[in-house]
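A.B. asks: Read off the chains here:
There are 2 protein chains.
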Amino acid sequence: MRSVLAVGKLRYSRYKITKEEKTMDKILRLNMRDQTISCETADEKYQYVGGRYFTSMKLNEEVPPTCEPLGRHNKLVIAPGLLAGTAAPTSSRISVGAKSPLTGGIKESNAGGSFARKLGSLGYKGVIVEEKPHKDEKGWYMLLIDKDGAHLESAGEYAGLDNYDACGLLRKRFGEQAGIMIIGVAGERQYSTASCAVADDDGIPCRHAGRGGMGAVMGSKRLKCIIVDATGAPDAKYVDREKFTAHSTEWYKELVAPRKGLTQYGTVANIQAMSQIGALAVRNFSLGSYEDYEKINHETIYNLIMERGGNPSHACYKGCAIRCSNVYNGPDGKHLTSSLEFETTALFGANLCISDIDTVAGLDRFCDGFGMDTMEMGATFGVAMEAGLCQFGDIKGVWKMVEEIKNDTVFGKALVHGCTVAGKILGVLEVPAVKGQSLAGFDPRTIKGLGVTYATSPMGGDHTFGNCLPGRPGYRECNQNPPPTTQKEGQAEWSKDMQILVAVCDAMGFCMLAVGGVLATAEHSAQLLSFKFGKEFTTDDMIQMGKKMIMQEVEFNRRAGFGDGQNRIPEFIMETPLASNGEVYDVPQSELQNFHYSGFEVTA
Amino acid sequence: MRSVLAVGKLRYSRYKITKEEKTMDKILRLNMRDQTISCETADEKYQYVGGRYFTSMKLNEEVPPTCEPLGRHNKLVIAPGLLAGTAAPTSSRISVGAKSPLTGGIKESNAGGSFARKLGSLGYKGVIVEEKPHKDEKGWYMLLIDKDGAHLESAGEYAGLDNYDACGLLRKRFGEQAGIMIIGVAGERQYSTASCAVADDDGIPCRHAGRGGMGAVMGSKRLKCIIVDATGAPDAKYVDREKFTAHSTEWYKELVAPRKGLTQYGTVANIQAMSQIGALAVRNFSLGSYEDYEKINHETIYNLIMERGGNPSHACYKGCAIRCSNVYNGPDGKHLTSSLEFETTALFGANLCISDIDTVAGLDRFCDGFGMDTMEMGATFGVAMEAGLCQFGDIKGVWKMVEEIKNDTVFGKALVHGCTVAGKILGVLEVPAVKGQSLAGFDPRTIKGLGVTYATSPMGGDHTFGNCLPGRPGYRECNQNPPPTTQKEGQAEWSKDMQILVAVCDAMGFCMLAVGGVLATAEHSAQLLSFKFGKEFTTDDMIQMGKKMIMQEVEFNRRAGFGDGQNRIPEFIMETPLASNGEVYDVPQSELQNFHYSGFEVTA
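As they're listed, the protein sequences go chains V and C. Take the first sequence: its letters are residues 329 to 932, numbered as in the numbering used here. Take the second sequence: its letters are residues 329 to 932, numbered as in the numbering used here.
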């Protein structure tokens, strides 16, 4: 890592870590107003707190819920999962949290890659970026973290670059071992759809904490990127290393076999599955099934990947048991995008009636490079098409909108703050969003449990908050099947179960795909924590943790001004039947509004 | 009034009133889906309910608070004040209510003109417009009401017209005695800033229920205008006509003398007064005082009006005791706009640093003709200037924005949903709005009591919800002076008083200017109601009424998903001192958030 550069009149604080601090749990704090870096011992209460649990707890403690999301009182909290950096499988998610400029509520968005492992192994519970530079400050900065401490440097030379280019230069400069979190031009411009990109092990900026505009918050603080180099970090500590490792190895094996489909095809296999049951976001959430689904399904993508010399089973970080990611080359055989996944394919493909998979991949590449959430942009383009800015299926029309965005015209600006704002401007009532954030690629009329999650998540329309997909029972009914997805009864309970399990997952830093939402999440977590910390954790402890996490997020939103009436599904989804199967969303509104009043009681 | 025209395939319902119905309190209901009109006896509980009391009560009863504001479940409720159509002075306000597309909460906006008197004298408690036509319906409609009943006609020939032109044609067709409520192109396009214009006695569409996008709700139902002809209406009924008339005459006299300034100059006299104390919205709410205030103050306007043959003391309806309105001619001596008022002058003038009063008048004319809220548009242009779309004071730049709006470009659309949406798109944090609605022309840093009103009003940043201006004591301290406007203590109490008194005012249909907020409002109301209805009303009854009204509005919002955290002043107003006097907004947030938990207890 380079030494401090003196740039302009600004002083950069260098924080040199002490020997004692090296091995302790600590929090790194970067104040962007006076450019100071400090480090504090993590309070004992954070000992078993990581990932989303940490980001949400810190936001509750330190951020005034009524503050301006892009103002100086908001904080960006970055935290590795509690087990990141350990031998636990698929445990390398990095959580990024802040008050969201998209929803106005609390937000945590997590991403893969190896950033979390590096930060975790250096002993950081979290990095907190607070305050923002003076209005006149036009510089961009980067935070560098390594075993010796942390310091700030100018990042001016990377400003305005595509994430691909910037990551290439950063990797050249800091080496392959450096973890990179970066914002693109979208984040610099503080678009509410801006992501925090995390480079994968190839240095490709394809893992994104995409949802809720975390990149805009980072941009508001003029922090372009964070580099973390864990070279020389101490080994992970375990009270019972042997058992931890053995358990991890066992679990790793368990994970592999039932996920062979994911390994071969990735998440995109859901395109066909969802289209067939009428649960796919098609034509701005109006159809449910997509007649051209075969042109964008997993087999088509797999065959193209194989033909063009890509990689269908790529890992977002070394040692993932699932390797759901892929490397997708263009018709010229050159790398086009990494990880063409279900959500992107659903929302840029089926939702826009675009059956040309290279276009979908190209839009994915654009968003990764520009630093935007593909999901929110897919939903937004759908709303723009609903408004008639171009026709559904009009590829040229979409690229024209992309040009407007690149050029930062007012037209472009109207599209980059998500589908809710775009719908407002364009006079569209069919806006597939909750609390300002777009739904995922699953139509909730057919998967009603997921609709409960969309409606009640304090994060806005967020499938990762409790992904009630067919065949994923919750913990209370772990030996039973969940209710049929189109049945309105029992969905709220199912969603509660899934939300609690996913919360545990997000606290540990596990990938949701490793878990699938069965009780195993909590069981494995409890055992691994016990081995690591030498304190006995039960499955119920984990469930209590999940409940606490959710209720602290709900509490943040309550203080921010969210009432229960915000827990609702868009009116058109409640009233306009899906073309595929005639379903409307009919889980009673009262169940959505009263959602948090039962089932989240913390009993321990 | 003409007979029914059969237009196209649509059937128009004609409602013929019965003899009994003529003299009873009734509600007219227009269903725009099946184009039926019906009439119902007003329930006994509405006997003493009028104006905003009626609109808010009906919205609470009939509109699902979580509904889409421009969807079929919202209703437009139009209600004359309880004393409209009587001999009471300045009692001709018409209330227009709906769930607001601007704020997402309950809204009532009221306007002058003689529409309310006509509707009131026909015995209508209110007109409720519900449902909306099928999506494919592209026609526009007008509702015609007279002593014989009501019917629907095509209004296709008025669609797309400027309100001035449309009102001219309508007046020609229906005569001078016809009252007109109409939406402009902005309402047809469902802009969240669209107003319902009410023609004055000259047929000029210069009185607007401007705030909160009531015109967009009317537009969503494809109702272009409502014509009411009260010819042949029965005389107002009074249990004690003599006392009612004597009291009204006495009050009329009382009103005149202390309001001579208002009669001569209108509300615009506040430009100078507010600039001098640093309480004027200047340069997007940053300065407080305007160096060029003399170019847009009351004397300048008065002199121009006199020079150019206008009228400085015009009444918005016949028989107003105050006549605060004016007729402002352009440099060519021809009518340019009617009623150049404080809010418009502050927000198009000082707030944009435009000192050319003819430009301000021209913008007012544009908004009146296009059917938009001048206040929200002034604040929005200020935000656009803050973003650098054009410079402050750039007159050509403003007219260019107006062109974009007229042409309905995406650029234009970005500006027509108010300053909150525009600020979001343009990346401006200095957005002078609460709950999605812009503040008025008074800077709350210097008038902190009004800031409490802005923050706590369920209608969004609304000065008319409790206009705490210097020298207007509340009822609890009616013999004392209110706190100094820059003192942070005591402002919440003052605002509560004013909110309650204004609520009474809005229920009666009184103009806020007649009242000024002193206890007299409630006293006069109680006496006039007693004489009219033969039931004794006390001042306290009126105060209880005001409290009930406010709490039912708060309750609607609560059910719509508003939490207490929404009661807040924009961060920049709390933190960036006003240039004129260094004031920030420092009334504690807790007082704003807890505002409705005390002082609104209904004791009767």
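Some hints here could point you the wrong way.
The list makes no distinction among identical chains, and a pair is therefore deemed to hold if it is satisfied within one copy or across any two copies.
Said to hold, decoys possible - Here are the simulated DSSO-like cross-link-like pairs (lysine-lysine), alpha carbons at most 30 Å apart as the crow flies:
no.: 1; residue 1: K571; residue 2: K623
no.: 2; residue 1: K463; residue 2: K581
no.: 3; residue 1: K475; residue 2: K354
no.: 4; residue 1: K876; residue 2: K571
no.: 5; residue 1: K724; residue 2: K463
no.: 6; residue 1: K724; residue 2: K734
no.: 7; residue 1: K816; residue 2: K463
no.: 8; residue 1: K463; residue 2: K728
no.: 9; residue 1: K646; residue 2: K565
no.: 10; residue 1: K863; residue 2: K816
no.: 11; residue 1: K347; residue 2: K565
no.: 12; residue 1: K816; residue 2: K728
no.: 13; residue 1: K373; residue 2: K728
no.: 14; residue 1: K588; residue 2: K571
no.: 15; residue 1: K662; residue 2: K344
no.: 16; residue 1: K350; residue 2: K463
no.: 17; residue 1: K373; residue 2: K863
Everything labelled a hint here was simulated from the structure, so no lab data went into it.
A.B. asks: Are the hints correct? Go through all of them and say.
C.D. replies: Outcome of the hint check:
1. K571 with K623: Cα proximity of K571 and K623: none, with 47 Å in one copy and 82 Å across.
2. K463 with K581: neither (53 Å within a copy, 55 Å between copies)
3. K475 with K354: For K475 and K354, the Cα distance is within 30 Å only inside one copy (13 Å; across copies 79 Å).
4. K876 with K571: within (28 Å within a copy, 66 Å between copies)
5. K724 with K463: between (38 Å within a copy, 28 Å between copies)
6. K724 with K734: both (15 Å within a copy, 27 Å between copies)
7. K816 with K463: Between copies only: 28 Å across, 51 Å inside.
8. K463 with K728: Classified as between: cross-chain Cα gap 28 Å, same-chain 33 Å, threshold 30 Å.
9. K646 with K565: For K646 and K565, the Cα distance is within 30 Å only inside one copy (20 Å; across copies 86 Å).
10. K863 with K816: Intra 41 Å, inter 52 Å, cutoff 30 Å: neither.
11. K347 with K565: Intra 16 Å, inter 90 Å, cutoff 30 Å: intra-copy only.
12. K816 with K728: Classified as neither: same-chain Cα gap 41 Å, cross-chain 52 Å, threshold 30 Å.
13. K373 with K728: For K373 and K728, neither the intra-copy (51 Å) nor the inter-copy (58 Å) Cα distance is at most 30 Å.
14. K588 with K571: within (26 Å within a copy, 90 Å between copies)
15. K662 with K344: Cα proximity of K662 and K344: none, with 43 Å in one copy and 75 Å across.
16. K350 with K463: Answer is neither: 35 Å inside a copy and 65 Å across each miss the 30 Å cutoff.
17. K373 with K863: This pair counts as within: shortest intra-copy Cα distance 14 Å, inter-copy 65 Å.
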